[in-house]
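Given chain R's structure and the hints, the job is docking chain C onto it.
Below, each chain spelled out in residue letters.
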Amino acid sequence: DTGVSQNPRHKITKRGQNVTFRCDPISEHNRLYWYRQTLGQGPEFLTYFQNEAQLEKSRLLSDRFSAERPKGSFSTLEIQRTEQGDSAMYLCARTSGGNTGELFFGEGSRLTVL
Amino acid sequence: GESVGLHLPTLSVQEGDNSIINCAYSNSASDYFIWYKQESGKGPQFIIDIRSNMDKRQGQRVTVLLNKTVKHLSLQIAATQPGDSAVYFCAENGGSGGYQKVTFGTGTKLQVIP
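Quick note, the sequences are listed as chains R and C, same order.
Under my numbering, the first residue of the first sequence carries the number 1, and numbering increases by one thereafter.
Under my numbering, the first residue of the second sequence carries the number 1, and numbering increases by one thereafter.
The shape of chain R in the complex, shown without the other chains (with noise of 0.2 angstroms):
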């Protein structure tokens, strides 16, 4: 168990929908990431929060994706109007809080738009 849960973890969608993906961190860490991964690749960041804060922001963050950490707890990302290019596993990472580079993953919420 890594300390983070996403949902949900699979989302099939047909492209122009909407679609919402949650990430729990267990509560006292205050650093919480977004990566997309596509296929054969390796994960690509696409942001960070500290606290509510969001922090930094990756170019592949289009304005069709929203990331919030309103209580800084869980996180929240949106994508509105899909694209079939974004079809992806959305990852959700937080540290543990120490100065390593460990990031501990969630399983991730594979998006499939049709």
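Treat each hint with caution, since some may be false.
Claimed, not checked - Below 25 angstroms or equal to it, Euclidean Cα-Cα: the simulated DMTMM-like pairs (lysine to aspartate or glutamate) are:
id, chain 1, residue 1, chain 2, residue 2
1, C, LYS68, R, GLU102
2, C, LYS42, R, GLU68
3, C, LYS71, R, GLU44
4, C, LYS42, R, ASP63
Everything labelled a hint here was simulated from the structure, so no lab data went into it.
On a predicted model such as this, the values are computed, not experimentally measured, just so you know.
Positioned in the frame of chain R, the structure of chain C alone reads:
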């Protein structure tokens, strides 16, 4: 810019043999590297890390070697077991102050032959 990449997409190893997974990076200023293991259907899992002031670090059955001269690192797995079958990513951590800015490479799939 930051870039990590792997030489081989797939590596097949007989059970009990040693495995060596290689990785090249391009940014000579990179100073913190991490290896992750990703099993099917799961998020990446931290294996071992190494900072640029070291050229070797050992864990349980794993050793990471760093050659800064040629910007190369490798992950060695001793006595490879079926449970080692996974995709392995090298990653570079460019963050500071508790922020873990982890950039992943493409990955090498390790197949262990029983």
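Against the structure, the hints come out as follows:
no. : hint                : in the structure
1   : C/LYS68 to R/GLU102 : holds, 22 angstroms
2   : C/LYS42 to R/GLU68  : holds, 24 angstroms
3   : C/LYS71 to R/GLU44  : holds, 22 angstroms
4   : C/LYS42 to R/ASP63  : violated, 28 angstroms
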